[in-house]
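Each chain, letter by letter, is given below.
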Amino acid sequence: MQALFRKVFNVYPGEERRALLFALLGIVWSLAVNLGLQYSEALFLVHIGADALPKIYMASAVAMILPAALLFRVVNRVAADKIFLAIIALMATFYSFVFLLLITGYSGSDWFWYLLRVVSFQIWGVMVTGYWTFTDQYHNMQDAKRLYVLFSSAIFAGLGLTGLTMRAGAFSFEFIILSVVALSLFSCYLVQKIVKTLHEAHDETPIEETVAGNNLSFKHFLKQLRHSPFSLLIMASNFVIFLMWITAEYNYLSIFDKLYDPETVKVEGVGVAAPLTLFLGQCVAAVSLINLVFGLFFYSRTARRFGVGSLLLFSPTVLAMAFIGWMRYEALAFMILAYFVVEGSLEVIDDSNFNLLLNTVPRRLKYRVRIAIESFLEPAAMLIAGALLALPYINSKALALALALLALLIALMLRSRYHKAVYRTLAENAIHFERKVKEWFLAMGSRERKQERAHLYSYLSSSDPADALLAIEGILKLAEAPDITLILEKASTFSEEATLRFFDLLVDTGFFCHPKVTEKLMQWLKDSDNSAKTTKELLYILAKQGLLSPDTLYQELESADLKLRAAAILALKKGGAKQPIKAIATNRKTADLAIEELLNSDSEEEIATALNLIGEDDSPKQIHRLLPFLEHPNLSISRKAMQAIAKLANKQLRHNAKTLIRLMRRSQDSEFRKAAIRALGKFNDATLIRDIIVASSHFRQSERRLIEEIITAMGKRAVPKLLAVTKDLSIPHRCRALAGRILGHLALPYLQANLEEVVTIEIEKAYFYYYHKEFIESRYPEYQLQLLVDAMQTGFHTVVEFIIRILSAAAEVEDSTLLCRLFRSGNSKLRGQVVESLEKTCDRSIFRKLRPLLEEIPPEMVMRHFSKSMKPPLTLEELLEVMSSSPSQVDQIVSATLQKQLSLPNWREAIAKQAKNNRDELFQHLAQELLEK
Amino acid sequence: MKSLTLIERAFLLKKVTIFASLELDHLLPIADKLSYSEVAAEEVIFDINEQAYSIYLIIKGSVVIDKVEEGPLYRLGEGELFGEEAALSGAPRAYRALSESKTEFLTLSRTNLFAIMREYPSVSISLLETFAATMPFRPR
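As they're listed, the protein sequences go chains G and F. When we follow numbering that gives the first Met the number 0, the leftmost residue of the first sequence carries the number 0, and every step to the right adds one. When we follow numbering that gives the first Met the number 0, the leftmost residue of the second sequence carries the number 0, and every step to the right adds one.
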């Protein structure tokens, strides 16, 4: 029974309770709201007549402004469940009041029917918004694709029950109103139950973040909207659809009103004639049934198979066809078709589409866009439609047709922009660690850039030196004609500590070569107020710049102060540009001897200083003096040596590449590794690509970005190497993903052409890991295999991560690590959007195989896909053997450990063989340990 | 409610202990992900048992940490942060945060906090130091 329920409603095992609760809530509130609205509409027609429909449309539209404005204010401040509960409570209160009016006989005037119709419409509007906003807290985008249609169907079930109730004509109006109150109270109970028993799908649209006073004004909302064209398009689409809806409804209701004369039949409880109520009841019941069937069995499957974009076109197309026919022939069939689009497909398809499209709206705007649409635009559309329809000589059918065609045009635009919008919303979560100050400014508009530049200069005049220094850093890194005079003026007021930091900034940004800076530094040097430390630093940077003559500091070559000695050496090396060649040569020789002396010193500080000085040399030949220090036990010395090499490196020194790669791979220090990468970049040798990438398997993100930078700089000649690495199954996934990413930048068509081949193998691998993770323990209950299960889990995640990275790279996704990072996050809503975003990056047949691996579905469902296409599962021995030759270090370690632990036949030989093939230091230690025991 | 530009947020961020050592290049990506907020005096910023989504970095003013019935446990001021333990663990808030005076702060979501900690180990270490230094009011 449960299995049938899951199959019919597309519900995954484990989520039945959640689905049932939300569906039940949908039926209950929908029945309550629709009983109120449908009866008020039918009785309005009976008591007032269809001629007053334009008036009621306009009145309802105006009346929506107040609840909409209230909702708009509270939606980002108050939790969705509290808002929904408050709306239900208001509904119960209103209908209790109506009940009182009915039983006390105050319901006779026209105003009562106007009031009932208008408020019932208001309640319907806010309840729809409240329900979907509340539901959205508990579902991500992929859940939405499957389940929202079930909830929509539940709402239609409520509508259908309303139709049956109307059709039966067995209850008095007072009884109906009392039922609405009772159903409202039951809805409250269900909401409370959901809140207490279910977990929200985190959206991180933090109520706590906004409660504290973020800008919630309407003006700010409009400002944000300007930056989200897709949101505007969704709003435009809904506005036009609603105009179309009202116009079409007016057309067929006017005909129905003529066909069913309300003056003849008595209706229970109201005392007037209403065959129209009975006819509409029939139609409502029929259309609800069709909605239910389509919603439950076709919508989610169609949306998953063809995408939301295709479904956007359905209603406008059918309605346009209905009105084209209707304009030619006054046949009831066209009216009924229009009726079924308005009451049927607009409800079941377009409402569900809207819920999915809303996921592409930036999260801060999302709920406010919903309110703006449901509570402002739809009533506004109603108002405009009412006004248009009230115009004399208006051709309402031609108007409906024009609106249907406009809706179709907007639907086409939405369709073409949908996937980009999904990614753009996701990209809002990207943190651009790779951007530098200058790039941030380039990403701004000219007005914003000007404003931010002005901010930097205003911080420069701050009395807080920390602010002033940060402002200088920004201005210098921005490098847009900085006002050096102003900066130097400010710097002259700094304390010693701030001055030294200022010097560092000048050196880092290369601005100490600026003539004004040099002049100022020389002036400072003459200033007797400087501290000794400042003076030494000044001498050092001036000497580094070649601005001090060798004689100035010659006597400091023997100084006990290391900084002064270094300055003297630099002055000798760089300061004699105007001297005769012989003198220059002598000075350089003296400087080299002084450096040699420092290099041979026992003091690590002196060695580090010497390495720095070699790095300042103009001659790459000096590299031979640095190489021996790369393996120095003191990290700061080996780091300085590598940094000096990075400064001196050029193409002629590329024969040292293998040494650098070996040391880079072994080093644990990020600065050392970055310097090595920079040096390798200067070698500019495409034959090194494989080794560089393979060495980076355990590198940090910033180091990998640097590798990307240097390989990208090699240009097209890197392409064949990168493609080979991306496809090479013996290389760890992380490295292949990096190669794929760079390849995507350099030669996207190459990557796209090879995508299927690369991804298909990986999907198989992912299923392989997944299967064995789930079932290996149960196949071998006699063994303790938790370690193996963990390894399979790690393998599975690594492969899936690789697939995501490669698909991102092939889709020209600006930040391919973003999707991966978001997929790993605990935020279920983001994960759902990642899957949606990936859908467009590969062929549908590939994505169908991939989807079960990405979605959060129970193992048995994943395995159903596995059993369709994959090879038979392995025995434990076979599995360990496969793992022993895997490129993954984890697989190899676990394989060796378990072979020994489980005392499998010939385990010694197997581990020895593995050790022979895997020369990694860590594995060698492990193998030795295992074999010794 | 004023809105802050990227540069303004970066400069405010620099005043927060755990980010004080970062250069402007590193501050800007973080500043891009911050939300600026201000609350009046004696307003509840978050309450016990609320779901935690963010950490709070105080820019101006002061915040009292309490457990209602036990009275104030801690007072935090400019440059300090709070709310990180629940944001890191995913557990509900174990204490209440109340503004003592008009307070301005920046908030950072937990997803972004994790990404920043991965990118800048110095921030992780600094956060750990801050966390350890204020242990008396942390639940164990």
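No lab work stands behind these hints: they were computed from the structure. Errors might be hidden in some of the hints.
As the list claims (entries may be wrong) - With a straight-line Cα cutoff of 16 Å, these simulated EDC-like cross-link-like pairs (lysine to aspartate or glutamate) come out:
#1 G:Lys195 x F:Glu49
#2 G:Lys449 x F:Glu42
#3 G:Lys437 x F:Glu22
#4 G:Lys81 x F:Glu42
#5 G:Lys435 x F:Asp31
#6 G:Lys192 x G:Asp463
#7 F:Lys59 x F:Glu22
#8 G:Lys435 x F:Glu118
#9 G:Lys437 x F:Glu118
#10 G:Lys435 x F:Asp24
#11 G:Lys435 x F:Glu22
#12 G:Lys437 x F:Asp24
#13 F:Lys101 x F:Glu22
#14 F:Lys14 x G:Asp466
#15 F:Lys14 x G:Asp463
What the hints assert, rightly or not - Listing some non-contacts, in silico: residues in chain G with all C-beta distances to chain F over 10 Å:
#16 Val45
#17 Leu163
#18 Leu364
#19 Glu604
#20 Gly614
#21 Asn753
#22 Val788
#23 Leu875
#24 Glu928
Every residue, glycine too, gets a C-beta built ideally from N, C-alpha and C.
Verification of the hints:
Among the hinted pairs, Lys195 (chain G) with Glu49 (chain F) is consistent with the structure: their alpha-carbon atoms are about 13 Å apart, no more than 16 Å. With a C-alpha separation of about 36 Å, the suggested pairing of Lys449 (chain G) with Glu42 (chain F) is violated against the 16 Å cut-off. Between Lys437 (chain G) and Glu22 (chain F) the alpha-carbon distance is near 14 Å, which keeps this suggested pair within the 16 Å criterion. Our distance criterion of 16 Å between C-alpha atoms is broken by Lys81 (chain G) and Glu42 (chain F), whose separation comes to about 20 Å.
The straight-line distance between the Cα atoms of Lys435 (chain G) and Asp31 (chain F) is roughly 13 Å, inside the 16 Å bound, and the hint therefore holds. For the hint linking Lys192 (chain G) to Asp463 (chain G), the alpha-carbon distance of about 55 Å lies beyond 16 Å, and the restraint is violated. With a C-alpha separation of about 22 Å, the suggested pair Lys59 (chain F) and Glu22 (chain F) falls outside the 16 Å cut-off, and the hint is violated. For the proposed pair Lys435 (chain G) and Glu118 (chain F), the alpha carbon gap of about 15 Å is at most 16 Å, so the pair holds.
A distance of roughly 20 Å separates the Cα atoms of Lys437 (chain G) and Glu118 (chain F); the hinted pair therefore is violated under the 16 Å criterion. Between Lys435 (chain G) and Asp24 (chain F) the alpha-carbon distance is near 5 Å, which keeps this suggested pair within the 16 Å criterion. For the hint pairing Lys435 (chain G) with Glu22 (chain F), the CA-to-CA distance comes to about 10 Å; that is within 16 Å, so the pair holds. Taking the CA atoms of Lys437 (chain G) and Asp24 (chain F), the gap is near 9 Å; set against the 16 Å cutoff, the hint holds.
With a C-alpha separation of about 29 Å, the suggested pairing of Lys101 (chain F) with Glu22 (chain F) is violated against the 16 Å cut-off. Note on Lys14 (chain F) and Asp466 (chain G): the hinted pairing holds, with a Cα-Cα distance of about 9 Å set against a maximum of 16 Å. The suggested pairing of Lys14 (chain F) with Asp463 (chain G) holds, with an alpha-carbon distance near 11 Å, which does not exceed 16 Å. With 10 Å as the threshold on Cβ separation, the claim that Val45 (chain G) sits away from chain F holds: the shortest Cβ distance comes to roughly 50 Å.
Against chain F, the non-interface label of Leu163 (chain G) holds: every CB pair exceeds 10 Å, the least being about 41 Å. Distance to chain F confirms Leu364 (chain G) as a non-interface residue, since its nearest Cβ pair spans about 14 Å, more than 10 Å. No beta-carbon of chain F comes within 10 Å of the beta-carbon of Glu604 (chain G); the shortest separation is about 23 Å. In this structure Gly614 (chain G) is separated from chain F by more than 10 Å, as the shortest Cβ-Cβ distance comes to about 21 Å.
Residue placement check: Asn753 (chain G) keeps its beta carbon more than 10 Å from all beta carbons of chain F (closest about 30 Å). For Val788 (chain G), the non-interface assignment is confirmed: its Cβ lies about 24 Å from the closest Cβ of chain F, beyond the 10 Å cut-off. Here Leu875 (chain G) stays apart from chain F, with its beta-carbon at least about 36 Å from theirs, past the 10 Å limit. At the 10 Å boundary, the C-beta of Glu928 (chain G) stays outside the reach of chain F, the nearest C-beta of that chain being 30 Å off.
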